[in-house]
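A.B. asks: Chain residues, written in single-letter form:
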Amino acid sequence: MAAQAVKKENAMVRFGHGVVTYLKENLAILCAFVVMCVALAIMSPVFLSVDNILNVLRQVTVNCNLALGLTMCIIINGIDLSVGSVVAISGTLAAGFISNNGMNVWLAILIAFLIGVVMGICNGLIIAYTGMPPFVVTLAMMNIGRGAAYVYANGQPIRCFVDEFNFWGVGYILGIPVPVIISAILFIIMTLVLTKSKFGRHLYAVGGNEEAAKFSGISIKKVKITVYTLSGIFASLSGIVLAARMYSGQPSAGNGFELDAIAASVLGGVSFLGGVGKLGGTIIGVLVIGILSNGLNLMNVNSFWQYIVKGLIILAAVYLDIVKKSRQKF
Amino acid sequence: MGKTVLEMKNIHKKFPGVYALNSVDFELKAGEVHALLGENGAGKSTLIKVLGGIYHPDQGQIIIDGKEVKINTVMDADAAGVSIIHQEIMTVPEMTIAENIFLGREPKTKFGTVDFKKMLSVSQELIDGFGLEMKASRKILALSIAQQQMVAIVKAISINAKIVVMDEPTSSLTDSEVDYLFEIIEKLKAQGIGIVYISHKLDELFRICDRITVMRDGQYVGTKVTAETTRDELISMMVGRTLDNYYVRTFHELGDVVLEAKNVKGGLVKDASFQLRKGEILGFAGLVGSGRSELMKDMIGLDPREGGEVFVDGKKVEFHGVTDAQREGLVLVPENRKKEGLLLKNSVGFNLTLAVLGDFIKGISVKKSKETEIINTYVDAMAIKTPSVNQLVGNLSGGNQQKVLIGKWLAAAPKILIMDEPTRGVDVGAKAEIYQIMNNLADQGVSIIMISSELPEVLGMCDRICVMYEGEITGVVDRKDFSQERVMHFATGGR
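Chains A and B are the protein sequences, given in the same order.
The working numbering puts the first sequence at residues 1 to 330.
The working numbering puts the second sequence at residues 1 to 495.
Think of the hints as simulated: they come from the structure by calculation, not from any bench.
Accuracy of the hints is not assured; some may be wrong.
Unchecked claim - Subject to a maximum C-alpha distance of 25 Å in a straight line, what follows is the list of computed DSS-like cross-link-like pairs (lysine-lysine):
{"id": "1", "chain 1": "A", "residue 1": "196", "chain 2": "B", "residue 2": "370"}
{"id": "2", "chain 1": "A", "residue 1": "214", "chain 2": "B", "residue 2": "316"}
{"id": "3", "chain 1": "B", "residue 1": "29", "chain 2": "B", "residue 2": "189"}
Based on the provided sequences and hints, a complete structural model is requested.
C.D. replies: Here it is as structure tokens:
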């Protein structure tokens with residue numbers, strides 16, 4: 001009884017420590033996040049309405065999914081530029097299979113999803129076995145994917161009004177948008193994987209020092225293939241959700257999404273030097289970018305300005321990161 | 001032999017904690033090949049870096065052609081007529097021979113563009129002058145290592161070098177390429193150029209050098225005319241220091257053979273066979289590049305093995321990497337802790353458990369208590385001084401980093417422990433602690449292979465010593481026959 005109480009107390013203390021560490025690690029970005037929210041709440045009464053909050057959450061889901069993959073890629077000193085194209089491919093194919101071929105919705109989703117995943121697996125295999133730089137490999141895959149989507153759809157959006165399909169984009173469960181539920185589940189799973197599993201530790205080891213990881217008996221190839229495959233899975237899933245939400249598969253969808261996902265990771269403290277970064281930071285990065293767009297929209301700021309503001313914020317965040325690093329001794 | 005071209009007098013250089021050069025003198029005559037000889041860490045490279053303007057001496061004079069010069073930068077060295085040909089040849093592989101020779105001082109046409117025609121013709125003249133058969137328009141990457149070295153020499157001559165320093169020039173050359181290099185050196189001598197020749201290979205020194213200066217522990221030991229000295233005399237000059245007595249070791253009867261290598265080949269390793277017994281500490285001595293680390297990597301499968309067999313407890317094994325070896329109880333503590341050993345950006349705890357994650361992680365369930373137990377056990381066992389197990393390893397001292405590295409592999413409960421330079425860059429106190437731990441392990445029946453370039457520690461700690469030279473084991477010395485001279489005899493190619 002007493003022992004149990006002590007154990008419970010220990011767990012509480014550990015949880016408390018965890019929260020404090022989290023706040024400390026993400027101090028700058030959290031401050032920015034809070035300041036933005038407060039400012040928007042004051043300037044726009046709509047901002048804190050339930051509708052708007054759900055709207056923001058639904059809008060950030062795709063970026064959130066993609067950022068899960070990108071965070072892992074960047075941790076192992078890689079990058080995945082092909083995610084935007086995978087979004088286009090899986091969405092276009094799913095809509096096409098349903099609308100043009102009259103395929104069963106579930107089957108269409110499954111096949112489209114798997115084709116997107118295969119692109120991720122290809123990225124991983126090529127990077128792991130040829131030693132070609134991830135930037136180049138995924139840049140090529142980005143073009144291949146985009147081109148394939150345009151070829152398949154003949155350059156036109158493929159409309160798809162099927163309730164079973166659209167449910168994944170615009171549906172609700174218990175009043176929460178389905179895409180938000182999907183993203184939340186993925187986020188929780190991946191956070192557990194990164195913090196608790198062997199794979200998570202191997203990931204940070206490969207990113208921190210590939211040579212040392214090899215000498216520790218970690219299979220570098222396995223880690224790389226897994227990371228790019230997961231990135232493909234998240235992108236492919238996002239493509240289907242996005243197509244469902246837009247009632248059409250668009251071959252031009254997802255253009256530039258990879259950059260938003262990279263921005264979210266970097267804002268969240270993932271280091272381009274490798275080996276450092278947590279999903280707990282990335283999620284804040286995702287929200288900051290999402291709220292920024294939403295806020296600027298609410299205030300009727302021209303959307304072209306949003307790019308400039310986004311760029312400035314990324315520069316500032318990464319600069320802060322460098323300042324923090326330079327205080328470390330090595 | 002001509003007049004004196006270079007004199008270095010009373011050179012001092014201190015690094016934090018190390019007296020790298022303590023009152024070193026060196027003299028070079030025109031048309032002479034003068035060898036610098038000494039063990040790793042004797043101070044040869046430091047002296048050359050002082051001459052080349054990379055390090056600034058704390059004290060001392062450099063006199064070239066009778067005039068005192070200050071060499072503060074590499075450009076100063078060029079201007080003073082000093083040219084250093086480094087071990088790793090510094091050429092741009094994607095450029096042509098001519099472009100490399102004129103790198104940074106390209107001739108210009110009257111329009112201000114690079115005069116490629118002139119560059120090519122002048123380069124070709126220089127190359128022909130040496131009787132080399134090379135086209136100046138070829139790219140460096142198409143050349144053999146020996147040819148690249150020739151280009152470096154031609155470049156040195158083209159900037160009117162009077163003093164050419166060659167740092168281990170034959171380390172990656174074949175026998176016929178060495179002959180070729182020596183012909184060129186004879187031509188340089190004939191032109192009155194003074195050559196400083198650094199090499200561990202005594203045979204070469206007797207072939208090519210006029211005089212030999214020996215250094216040890218940052219000090220000048222003596223200079224001998226090659227014709228008047230012997231191999232044995234040079235070796236005793238190189239190693240003539242007393243053994244420190246902080247080597248703790250209790251010797252036992254050795255047990256059965258636990259590890260055997262038969263005719264292992266691959267990379268630098270030409271042919272190596274040896275046996276390791278239970279509870280033994282087997283030393284591997286030899287010069288840098290003799291293939292000791294490579295032999296171990298070949299056995300474990302970190303480098304591709306081209307031939308030979310490995311046996312653990314009499315059973316033939318085929319390892320394809322660290323994990324396979326670990327399964328059979330064999331682990332390797334790598335040589336370069338910053339590059340191959342540790343994750344500096346991660347914590348002490350993260351590093352200590354990296355090789356044994358399977359012991360406390362199943363899926364996504366982490367047995368925190370087991371993890372803490374492993375970490376605490378090895379922080380205590382290795383006496384790692386750290387404010388917390390969450391401290392980043394990069395913030396620890398070299399000695400404590402090394403202890404984390406060793407502890408990480410002890411956590412894997414090895415039966416056979418290969419330690420590559422286990423005390424490199426570690427202070428005296430931590431060294432003694434590491435020796436103590438090695439002794440305890442051997443007492444418990446763990447078999448240890450200790451690769452080390454520090455002869456005193458090999459002699460102090462080991463039951464037997466395998467000595468390697470150019471990828472082969474040239475001799476195995478039993479404890480009763482231990483002497484520095486005997487090890488150096490094998491390490492420099494003696495049989």
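A.B. asks: Work down the list of hints and note, for each, if the structure agrees.
C.D. replies: Evaluated hints:
1. A/196 - B/370: Answer holds: residue 196 of chain A to residue 370 of chain B is near 14 Å, not above 25 Å.
2. A/214 - B/316: 24 Å, holds
3. B/29 - B/189: 10 Å, holds
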